[in-house]
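Student: Chain by chain, the residues:
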Amino acid sequence: IAGITQAPTSQILAAGRRMTLRCTQDMRHNAMYWYRQDLGLGLRLIHYSNTAGTTGKGEVPDGYSVSRANTDDFPLTLASAVPSQTSVYFCASSERGEGINEQFFGPGTRLTVL
Amino acid sequence: GQNIDQPTEMTATEGAIVQINCTYQTSGFNGLFWYQQHAGEAPTFLSYNVLDGLEEKGRFSSFLSRSKGYSYLLLKELQMKDSASYLCAVNNDYKLSFGAGTTVTVRA
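As given, the protein sequences belong to chains A and B, one line each in that order.
The numbers in the working numbering rise by one with no breaks, and the one at position 46 of the first sequence is 646.
The numbers in the working numbering rise by one with no breaks, and the one at position 10 of the second sequence is 15.
Just so you know, these hints were derived from the structure itself, not from any lab.
All residues carry an ideal CB built from backbone N, CA and C; glycine is no exception.
It is possible that some hints are incorrect.
As the list claims (entries may be wrong) - Beta-carbon label-pair distances, calculated as ranges:
hint	chain 1	residue 1	chain 2	residue 2	range
1	A	654	B	18	44 to 54 Å
2	B	8	A	712	26 to 36 Å
3	A	677	B	34	23 to 33 Å
4	A	640	B	55	25 to 35 Å
5	B	12	A	610	38 to 48 Å
6	B	113	A	640	19 to 29 Å
7	A	622	B	46	31 to 41 Å
8	B	18	A	712	15 to 25 Å
9	A	638	B	30	14 to 24 Å
10	A	616	B	44	26 to 36 Å
11	B	34	A	641	16 to 26 Å
12	A	627	B	97	15 to 25 Å
To be verified - Chain A residues, not near chain B, derived (Cβ > 12 Å throughout):
hint	residue
13	612
14	641
15	684
16	692
17	706
18	712
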């Protein structure tokens, strides 16, 4: 079944540790996105990629980095996790072109930083 | 900056109609999305408006007024499974800015 997968499903992490959240899509979408979702704040864009080989900063990029080596994968790295990065992280992808270009979301990763 | 407002919570009875309003002030605008998100799940696409007016899709309709910075999502013939959060999102050059979401509770 086509779609987006994320790993891990959930993770408890000690502050200061490095962590990479994985995201893979098989829809051959050009664009991919990382959001965090916090209670009362809604989804906020962390980083995005319009196409393989390019990335850009979203609304809340500090403390996070991304790479886009190929079309399918878009990992998010926390170099040194802090408790304020406790959140639910969603990866999404979309086409860029004619049409609605709605974003399709992965199932999310629940991250707790202690 | 981006400012997108929607009510925090709404409650309605099964079979009724609920209207969720969304107002926005954003630096750019290429359209407005509505997403549905059940608790513990990913958001899923409901509707998209790029021009002024009403878009109807079955029990769900969405309206947009670009001059007023206003949209609403209308849910008709409410069912228990419609209990979820509804997210308003403004599209600016393929990047989405989301409101905090409206939690709709449907009562029997």
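Student: Now tell me, hint by hint, if it's right for this structure.
Tutor: The hints, checked one at a time:
1. 654/A x 18/B: 44 to 54 Å: 49 Å, holds
2. 8/B x 712/A: 26 to 36 Å: 30 Å, holds
3. 677/A x 34/B: 23 to 33 Å: Check passed, 32 Å falls within 23 to 33 Å.
4. 640/A x 55/B: 25 to 35 Å: Distance hint for residue 640/A, residue 55/B holds at roughly 29 Å.
5. 12/B x 610/A: 38 to 48 Å: 30 Å, violated
6. 113/B x 640/A: 19 to 29 Å: 28 Å, holds
7. 622/A x 46/B: 31 to 41 Å: 19 Å, violated
8. 18/B x 712/A: 15 to 25 Å: 37 Å Cβ-Cβ, so the 15 to 25 Å window is violated.
9. 638/A x 30/B: 14 to 24 Å: Between residue 638/A and residue 30/B, where Cβ atoms are some 22 Å apart, the hint holds.
10. 616/A x 44/B: 26 to 36 Å: Given about 31 Å between the Cβ atoms, the range holds.
11. 34/B x 641/A: 16 to 26 Å: 21 Å, holds
12. 627/A x 97/B: 15 to 25 Å: 22 Å, holds
13. 612: 17 Å, holds
14. 641: 6 Å, violated
15. 684: 18 Å, holds
16. 692: Violated: least Cβ distance 8 Å, not greater than 12 Å.
17. 706: 6 Å, violated
18. 712: With a cut-off of 12 Å, residue 712/A remains clear of chain B, as the shortest Cβ separation is near 15 Å.
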